[in-house]
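Construct the entire structure; sequences and hints are all you get.
If you're matching them up, the sequences are chains A and B in order. Going by our numbering, the first residue of the first sequence is number 9, and it counts up by one from there. Going by our numbering, the first residue of the second sequence is number 7, and it counts up by one from there.
No wet-lab data here; the hints were simulated from the structure. These numbers come from a predicted model, not from an experiment. The reader is advised that the hints may include incorrect statements.
[Stated by the list, open to error] So, partial list: chain A residues that the calculated Cβ filter (under 8 angstroms) puts toward chain B:
#1 Ser10
#2 Ser43
#3 Gln64
#4 Leu65
C-beta atoms are modelled at their ideal positions from N, C-alpha and C, and glycine is treated no differently.
Each chain is listed here by its residues.
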Amino acid sequence: MSISFSYRKEGLHGNRVIYRPKIPVTFRKYKKEVSLIAIIDSGSDATILSKEVAEQLGLAIGGKKGTLEGIGGVVETVEFPVNLVISKKRVKEHIPQMPVKVLLSDSPVEDAILGRIPFFSNFDITFKENARKIVLNKSVHGRGRSPIEIAA
Amino acid sequence: MPNPTLDSDFEWYTSADLGKYIGKWVAISNRRVIASNQKLKHLMENVEREHPGIRPLVTRVPEKVLKAI
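See below:
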């Protein structure tokens, strides 16, 4: 069953607006949860949370350390598993123990980015740019196909 | 516990003018902003204190710029 969301209209300088593919999601860790707006980003290899959101979920520093490289340069990260829930009306999709990378920098561009690993592995995602809608269908392949493979 | 107003709050959010909150976190419940703060931690503390039992939809209102993430 599919879930669709309208793009979010946001202001730009010069009396212009832009429509962005943002959706409501709930992150849960143990008994803590935060429902927030996340952007769906097919250009991001990883699913990312800001340090502020991670702290709200009680994620202590001490996860698996790593780095991410973006337009702003290289940033340090720590990885934690969290539970993700996406729902609309009676449709509810859970992604349990989804690994997210927490940015250790203090000024992220976005506080929650749903990137390819592992978010896109769970859904078939359609960006309806002209209708300004995003449609998520739970993938029949589940989490079986990672975008990362060992080179032959 | 699920947030019973999440769908409605997101629908409202998609076209809401949040220009006066740029750079701040906002908490949305029942199609309105019920709290705002520079820090998410303080926002959630405010919501717990002023609106006990409410599980808001939260977001940081971005600057009016084009982004390359």
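Consistency of the hints with the structure:
1. Ser10: 15 angstroms, violated
2. Ser43: 5 angstroms, holds
3. Gln64: 5 angstroms, holds
4. Leu65: 10 angstroms, violated
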